[in-house]
Amino acid sequence: MNPRICFVIVAGTFAALLPLMAQKGRAPKAPPARVANTQPAHDDDSAQGQRVFKQNCARCHDAPQGFPPQISGTVLRHMRVRANLSASDEKALLHFMNP
Amino acid sequence: MFRLRSSQRELSSRRCIRILAGATLLSLVHAIPAQDVPLISGGAGFVTSTNGGNTTYIPVISPLLAAPIGSHILVESRATILDAFFPKGGGQTGYTHDSFLGLDFLQADITANRHMTFVAGQFLTPFGTYNERLSPIWISNFENAPLIYGLGTMGTAHSVGGMLRGSAASTQSVNLDYAAYFSAASTNEQLNAERSAGGRASLYIPAAQLEIGASFNRLLQGTRENFSGIHVWWEPANSSFRLRSEFARAAHARGYWIEGGYRLDRFGGGQGVLSRFEPLFRMQQTFRSQPDANDTLPSVDTKQADFGLDYHMPHELRINTSYSREFSSSGNRNIWQTGIIYRFLIPTWRGK
Chain E
1 MNPRICFVIV AGTFAALLPL MAQKGRAPKA PPARVANTQP AHDDDSAQGQ
51 RVFKQNCARC HDAPQGFPPQ ISGTVLRHMR VRANLSASDE KALLHFMNP
Chain A
100 MFRLRSSQRE LSSRRCIRIL AGATLLSLVH AIPAQDVPLI SGGAGFVTST
150 NGGNTTYIPV ISPLLAAPIG SHILVESRAT ILDAFFPKGG GQTGYTHDSF
200 LGLDFLQADI TANRHMTFVA GQFLTPFGTY NERLSPIWIS NFENAPLIYG
250 LGTMGTAHSV GGMLRGSAAS TQSVNLDYAA YFSAASTNEQ LNAERSAGGR
300 ASLYIPAAQL EIGASFNRLL QGTRENFSGI HVWWEPANSS FRLRSEFARA
350 AHARGYWIEG GYRLDRFGGG QGVLSRFEPL FRMQQTFRSQ PDANDTLPSV
400 DTKQADFGLD YHMPHELRIN TSYSREFSSS GNRNIWQTGI IYRFLIPTWR
450 GK
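One line per chain: the protein sequences are E and A, in this order. Okay, so the first sequence: first residue is 1 according to my numbering, each after it adds one. Okay, so the second sequence: first residue is 100 according to my numbering, each after it adds one.
One chain only, chain A, in its complex shape:
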């Protein structure tokens, strides 16, 4: 009898818990402000890369989830899923493939006050501009990352720990923002990171549409190496030209990239066929003084010129094409790349 009553109590308490959990979830859904419905965004595309005569075909999707919790917390995550099909090599004919699934970031953004946000979890390492701003596949103008991408981003491009960031001052004449972080060492397959610390500060002058920034990161394990860099972005007033550049240095290597692009939106009123083209040019150079396993730069001094032509189609589609010529003492080579990318942005439910 007691056992029966006990099991009945357990059953009823479980029901209560389920009902309460359901009601809580329902109330949370209804409590979400009308404009704060969680969203799924990202890009999906198909990329080809011909390097030294071998072509690799890469279907890729990079979804991003952003879900607000209350009025001060945002949980967001981005992953990259791709399958690369490339020639077998070694005298064999045909293709083989290699799949990849990686978590780019999984972070909670906690708004501390009007000038500061605390970020916890796995986040993109703040160094320079490429990693945080230009690495999403629906944003990048070239399919391949700059040669110096590995400098300062600790090889993994993300960190696991905490970060403070925000806008220190924002006025009509100047905007000063900052990011400072600490990362623990992690060997988890998806959350791998090096023990490191550092940050970035940027000054933007709206009148000149000029941004100048500096980054400094220190690797706190192994050889304890310092990485530093500066970036300059400029968009002349009343022009569709834009210039982006970065310089970074490590203990045994340094390098830069400078990219210029001109959106032809003065032709055809912004919606015409011609106005959707964007010719691009990027020059890159790396210098090495000694071999170093911590940076990912080429083992010899390298120059690379990238010529790109992007087409921004209606309905969130874009086509990226580029030809690159790489010069180094280990041999010169051509790199041809094409990509068609679709960007999506949808709510997870209809909301109120």
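With the rest of the complex left out, here is chain E:
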């Protein structure tokens, strides 16, 4: 397919989606228990967790918009290996995600 036609299709998709998203406004928020906490920290542990999240997770990818709390430990164990987290960082991040 001609690349110009490809771009026209992509631009058309954007144009069609933008008004829809503008009407919806803010993205729907998941229940607090189902999302990684990205709110301002309330205590030292949460502040530490927020710092760890910003330094180790958010540098590579967007935060998941929500996931069930029963997999937060598994997510962290995966990230501990992938991002070389220390045990204390892992603990702080778990507290941050499950305040």
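These aren't lab readings, by the way, just hints derived from the structure by calculation. We put the CB at the ideal spot given by N, CA and C, even for glycine. Honestly, I wouldn't trust all of these hints.
Examples of chain E residues lying across from chain A (beta carbon under 8 Å, computed) [claimed, not checked]:
#	residue
1	62
2	68
3	70
4	71
5	77
6	78
7	80
8	82
9	85
10	87
11	88
Since chain E is already given, all that's left is putting chain A on it; use the hints.
Structure of chain A alone, referenced to chain E:
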């Protein structure tokens, strides 16, 4: 009579074994801590790539499974399944297709202590940053990997053996992490790897949001070649700008990529339409001194400029678009790429 009793015993022992196995499995399921339920994650998408006037269409899915076993072991695996539809060529009209199913990694992560994890199995080769951090389809900003991706990753991008890794020091002012591995040679179709050894060390300074790291891998078969590289990542404070870069060299080639991106989240309060855009620019260059079958760099000196525009939609969707212009003595060409990627993350069961 004896035979009957013997067969009855076998039957009852089999039943016992089944009941015990079932009970063990049930107890394992119930023994799993509430937050450690196995998960399935990954990405699914549709990518188009127009290179020199020929367009390839690629539906792709890359699932990841992570399953904790006890409190010290995590088994995780990622695969890539795709089907590429491309023009037949040779004067023929129409399209043909080529399917691909590959195991990216299948590893057991064993937590040794607070600073060390032992990884066994097939794992992504630790060299630079792209292979381990940016190669998942739901993370990468550009659909095509950097030109120097093959340097240090031994062509297969994964190794089969053992690796020690972890955080050597993590404080408010500095974070030092490391990875050291050894890989055996393997010719298995899914677990193919070269005999090699090496590692990487990175220093991260939180105050400056600056990371500097170095990698060194040695191929221990055939020509026994050394690969070395450095990487620098920087995110200025209070800014949505981020800079990533890598330089790598082999015996007969070297190259670099440097990527800058700016997430427009200052426009529209982080949730607005405009704030979800991320313009990107990546510059790449490779240099070759002699032909070498071990590295995967272009056969002649090459420059490539990539211009990207990504859109991070709600509900774990993102759209990546890019235009690249490649300059080399073998000819200049344009590369247009688009991709829509959905990221999923689900538990395997509901848990407690």
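Verification of the hints:
At about 6 Å, the closest approach between the beta carbon of residue 62(E) and any beta carbon in chain A falls short of 8 Å, and the interface hint on this residue holds. Because the closest C-beta pair between residue 68(E) and chain A is about 5 Å apart, less than 8 Å, the hint holds. Interface restraint check for residue 70(E): the shortest CB-CB distance to chain A comes to about 4 Å, inside 8 Å, so the restraint holds. Among the interface hints, the one on residue 71(E) holds; its C-beta lies about 4 Å from the nearest C-beta in chain A, closer than the 8 Å criterion.
Here the hint on residue 77(E) is kept, as its CB sits about 5 Å from the closest CB of chain A, short of 8 Å. At a threshold of 8 Å, the smallest CB-CB gap from residue 78(E) to chain A is about 5 Å, leaving the interface hint in force. A least Cβ separation of about 7 Å between residue 80(E) and chain A falls short of the 8 Å threshold, and the interface hint therefore holds. The beta carbon of residue 82(E) comes within 7 Å of a beta carbon in chain A, closer than 8 Å, and the hint placing it at the interface holds.
The beta carbon of residue 85(E) is positioned within 8 Å of a beta carbon in chain A (closest approach about 6 Å), and the interface hint is therefore held. With its C-beta approaching chain A no nearer than about 4 Å, residue 87(E) sits inside the 8 Å limit, and its interface hint holds. Checking residue 88(E) against chain A by beta carbon gives a least distance of about 7 Å; that is within 8 Å, so the hint holds.
Hint violations for this structure: none, all hints satisfied.
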